[in-house]
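Asks: One letter stands for each residue in the lines below.
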Amino acid sequence: MIPELGHFALILALMLALAQSVLPLWGAQARDARLMESGPPLALAQMVAVGAAFAALLWAFVTNDTTVSNVVANSHSAKPMIFKLSGAWGNHEGSMVLWVLVLALCSAAVAGFGRDLPSALRARVLAVLGMISTGFLLFILATSNPFDRVWPPPLDGQGLNPLLQDIGLALHPPLLYLGYVGYAVTFAFAVAALIEGRVDAAWGRWVRPWSLAAWSFLTLGIGLGSWWAYYELGWGGYWFWDPVENASLLPWLAGTALLHSAVVVEKREALKIWTVLLALLAFALSLLGTFLVRSGVLNSVHAFASDPARGVFILVLLGIYIAGAFALFAFRAPAMAPQGVFAPVSREGGIVLNNLLLCSLCAVVLVGTLYPLFLDLLAGRMISVGPPFFNLATLPLALPLAMAMAAGPLLAWKRAALWPVIQRLWWAAALALLAFLLAMFLAGAPVMPALGFAIGLWLIAGAATDILDRSGLGRTGIGNALRRAGGLPRAAWGAAIAHAGVGVTVLGIAGMGMATEKLIALTPGASTEFAGYEWRLEGVRDFQGANYTARRATVTVLRDGRTVQVMEPSKRFFPIGRTTTTETAIRTNGLRDLYAVLGEERDGADGRREAVLRLHYNLLAPFLWIGSLIMALGGGLSLTDRRMRVAAPARRAAAQGAPA
Amino acid sequence: MTRKRRRLYVLLLCGLGIGSAAALTLTAFQDNLVFFRSPSDIAAERPPEGRAFRLGGLVEAGSVERHGAYDGRPAIRFRVTDGQHTVPVVFTGVLPDLFREGQGVVTQGILGTDGVFRAREVLARHDETYMPPEVADALKRAGHWDPAQGAPPPAAEWNTARPRS
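Heads up: the protein sequence lines correspond to chains L and C, in order.
1 is the number of the first residue of the first sequence in the UniProt record's numbering; add one for each residue after it.
1 is the number of the first residue of the second sequence in the UniProt record's numbering; add one for each residue after it.
FYI, nobody ran anything at the bench for these hints, they're computed from the structure.
Among these hints, one or two may not hold up.
Label-pair restraints from in silico Cβ distances [what the hints assert, rightly or not]:
1) C:16 with L:447: 22 to 28 Å
2) L:424 with C:22: 32 to 38 Å
3) L:328 with C:11: 19 to 25 Å
4) L:485 with C:5: 21 to 27 Å
5) C:11 with L:403: 21 to 27 Å
6) C:140 with L:309: 20 to 26 Å
7) C:13 with L:63: 58 to 64 Å
8) C:26 with L:543: 51 to 57 Å
9) L:15 with C:22: 44 to 50 Å
10) L:424 with C:16: 54 to 60 Å
11) L:41 with C:5: 38 to 44 Å
12) C:13 with L:437: 32 to 38 Å
Virtual Cβ for every residue (Gly too), placed ideally from N, Cα, C.
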């Protein structure tokens, strides 16, 4: 009964979404206030309907209702409750319902918090969001109904993939979707602005918090996914330039560009057309990401079940939304005259450079990701594009980006001089140079990691300079400077913190560039020297877990005869589902990770049993994820800025926009 | 600065950005495209010396040897087959959990002059019912599976499958 109610709620949501995509838009075009006012209640009703459908799906998973085929395929009564819940969105159908739910929540937020928006703009934004929602609800109902029943119902479900029973993976999709769908809102604002034919500072002020929130969630989602790959897959790496990883990186790159150019629209009313284009691009790439992941056209670590019908459907949706939006763009963009004029050397100029480099990076990653697909289609040759390509092609673009990143925030708006900025950054440059020389000649690092250390410090020092400079340290007393630092707008702190977070992540990447690994077969009691430690295999024993059996190795890590760590890498065998997983042992002290993986056991040369171990010494690995956390925190802090909440400028715009 | 002048600057910058991105992509492509080859492809045409590629097929049943060393590291040897030809592979590393005899595998590495494929990576990251598209294609070309006769047979049966012709 409950699954049918869920199915019904989805159909109801589709009807509401259809109404939401037509009525407010019609109202806005015909200047009918009553029709325009229908948007918010429709959005709220749609949220309730999709919420009910999602609740019904959760209920089916919690009660392990084996008459629902989705539950049979993806759940099992022996799963812990938290993973039963996360199993609801860990599969294709459920994740699409989550996608639509997040979209409905965002629409409701626009409807609820957007009272100060010009009513025509709000009506158009809600209508565009309704169109997106309509497409995805149709997709769910036509190709991936999560409430399909099976008859006769099996005794229990089959879904107990141990790889997916993980807290990191339970949180990863919702965070990514919050990011993807956040860009649906900026897309809707961009399309609404194109229909209206006007982009102004108030528009920038509305787009910015959404792009900021989407960016923060996407950053967290990508960081979490990378962390999961690091500890769960046991390959010792954190980023594999896998198509599915790239699919989340592409909207992030476009979204980062959008985040910066939206500031220019808001403050200076320049770069308007460009910002609208970026908003369209960010969502186009989010949809492309959904298509790549859900259609299975590209080979990847994420072995999602692939279904051509679904891929075609999403491709059609992608085509309609993107082609429609770009056609509208081509038609309307020339009408939007720029107002703010700026010199090449200025904050705006810096942001243009940032946008150019980020978009070039995005283009390079896009080409590398899609090239195998096109070559297969056009020439029938099967190839793959791996990390060497991406490293080689992205580095020359990422380097100038990082160099300019520290200087950009120090430039004045409209017209700036380069020399004073260089003067203020000399200590950061000296620090970076020192780090480079120390890493090269004292620690014996190769050139690239040494350069990475230098750039990481350059970014952190640059962010610190920005804050110190604004607080007037050196020009006034320390007490006064502290007071001023406390009184700085939160957006300034947020930007500096996010930039420093990038620096921390770059330090982590540089450290991982010096990571070492050793593969060794050891008999129990034997030990090996690696990375300055003595690693001794004490033995390999059987272990009985809750729903698995395991072979667990005990490795003692010693330095100068003293025990530093005891590590227990293991291999688990799950009898239900007959799968084996590798459990990595990771011990961190914040500055480096000791990482051990148990391979197979085999007969050694002298006939004794030996175990193959892969040992990693990962310098600064935790910085990778701490950095992305700091970036997201910076974004969150920026969101709480007074400017984002004060509605006065928006009201002014509302007064202007009312007769539109 | 006039509007015309500014537009020129912006266009120049855009051109520079796009141009350098294209140049970077092309140079990086030149050396870093990894081609997929089946054992039959290798038998038909020897791949260029020292160039990494992907070798895919089925792990020949009974061919996996888990002892001995290669290059001072503990090694695993197995053969990859597409039903017509086989290529011996040596791999130093920890095999993925889903590596099994008789199942699809994709490995990346370099073919030695002795005809042994030195795998740097073994990718068997999929569930037991999943067949990597490249492997399915290689088997199709080797005559193990005729798409006209329906979906591919379950992966577990492929190790005993014989060419139809």
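Asks: Now, for every hint given, state plainly whether the structure supports it.
Replies: Hint by hint, here is what the structure shows:
1. C:16 with L:447: 22 to 28 Å: Cβ of residue 16 (chain C) to Cβ of residue 447 (chain L): about 26 Å, so the range 22 to 28 Å holds.
2. L:424 with C:22: 32 to 38 Å: Cβ of residue 424 (chain L) to Cβ of residue 22 (chain C): about 36 Å, so the range 32 to 38 Å holds.
3. L:328 with C:11: 19 to 25 Å: Since residue 328 (chain L) and residue 11 (chain C) have Cβ atoms about 23 Å apart, the given range 19 to 25 Å holds.
4. L:485 with C:5: 21 to 27 Å: Given range 21 to 27 Å: violated, Cβ gap about 39 Å.
5. C:11 with L:403: 21 to 27 Å: Since residue 11 (chain C) and residue 403 (chain L) have Cβ atoms about 23 Å apart, the given range 21 to 27 Å holds.
6. C:140 with L:309: 20 to 26 Å: 22 Å, holds
7. C:13 with L:63: 58 to 64 Å: 59 Å, holds
8. C:26 with L:543: 51 to 57 Å: Once the Cβ atoms are compared, 53 Å apart, the range 51 to 57 Å for residue 543 (chain L) and residue 26 (chain C) holds.
9. L:15 with C:22: 44 to 50 Å: With Cβ atoms ~47 Å apart, the hint holds.
10. L:424 with C:16: 54 to 60 Å: 27 Å, violated
11. L:41 with C:5: 38 to 44 Å: Since residue 41 (chain L) and residue 5 (chain C) have Cβ atoms about 51 Å apart, the given range 38 to 44 Å is violated.
12. C:13 with L:437: 32 to 38 Å: Holds - the Cβ-Cβ distance for residue 13 (chain C) and residue 437 (chain L), about 33 Å, lies within 32 to 38 Å.
Hints 4, 10 and 11 from the earlier list are contradicted by this structure; the remaining hints agree with it.
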